[in-house]
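Peer 1: With the hints as extra help, turn the sequences into a complete structure.
In my numbering, the protein residues as written are 716 to 914.
Straight-line distance between alpha carbons at most 27 Å, and here's what the computed DSSO-like set of lysine-lysine pairs gives: (1) Lys768 <-> Lys814; (2) Lys796 <-> Lys828; (3) Lys871 <-> Lys737.
Restraint-style ranges between C-beta atoms, simulated for each label pair: (4) Lys729 <-> Ser858: 15 to 21 Å; (5) His824 <-> Asn778: 15 to 21 Å; (6) Met716 <-> Ala784: 34 to 40 Å; (7) Lys737 <-> Val802: 39 to 45 Å; (8) Lys737 <-> Thr790: 51 to 57 Å; (9) Ile864 <-> Asp740: 22 to 28 Å; (10) Val789 <-> Pro862: 38 to 44 Å.
No lab work stands behind these hints: they were computed from the structure. Glycine included, every Cβ here is placed at the ideal spot set by N, Cα and C.
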Amino acid sequence: MISVQRLISLIRYKQKDHNEVKFSDYDILQALNECIRYVNQRFSLRNADFLEKMYHFDESEINTATEQAVDFAVTGVELPKDFLVLVNIVRAHDGYQLKVEEAIRSVRHDTYKIVGNKLYCGSKAVNMLYRSAISDVKSLDDSVALPDILMDGIVKCTGMILNNTADTDVMEQAVDANIVSLISARRYSNAKIKMPFYC
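Peer 2: Rendered as structure tokens:
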């Protein structure tokens with residue numbers, strides 16, 4: 716987690732705005748949120764482990780807590796608000812990985828489907844691993860749900876937005892060069908690599 720105050724200090728330093736005359740805190744927060752939305756778009760198709768979350772769905776718990784008639788197979792259940800991309804869904808009681816079902820078909824005991832903003836599945840309790848969206852920041856006391864290693868990329872991207880120098884191609888290159896390249900190194904840094912002389 717990176718504190719917004721720390722980000723704003725670094726952004727002001729990079730923009731040579733030490734006396735806070737070029738940009739207001741509001742301007743920086745708006746540019747930072749635009750950067751976060753852009754990062755969400757870029758990360759949505761990447762293998763970013765720090766965005767992964769697990770959410771437990773239990774039909775009986777939902778029905779008890781909300782006094783609603785929820786049936787996972789018929790009515791479905793709302794996805795988490797920060798849902799971005801699905802990784803997998805497993806049955807809670809045995810860890811069996813459910814298979815995806817076509818949207819036009821009914822789900823079975825071992826399948827699931829996502830239609831609109833709802834999950835439908837034949838199991839009554841499942842664990843869903845998904846990649847979450849990074850939330851916008853609303854105040855100086857907030858924090859950005861990213862690891863510190865991505866701070867410089869966020870600062871650079873936000874500075875480009877503040878200066879209105881960021882067209883789509885330039886922004887894409889900046890985010891790719893400063894942020895996305897770190898994902899594979901972070902995720903697979905402990906992976907054993909097959910040596911080229913082995914068949």
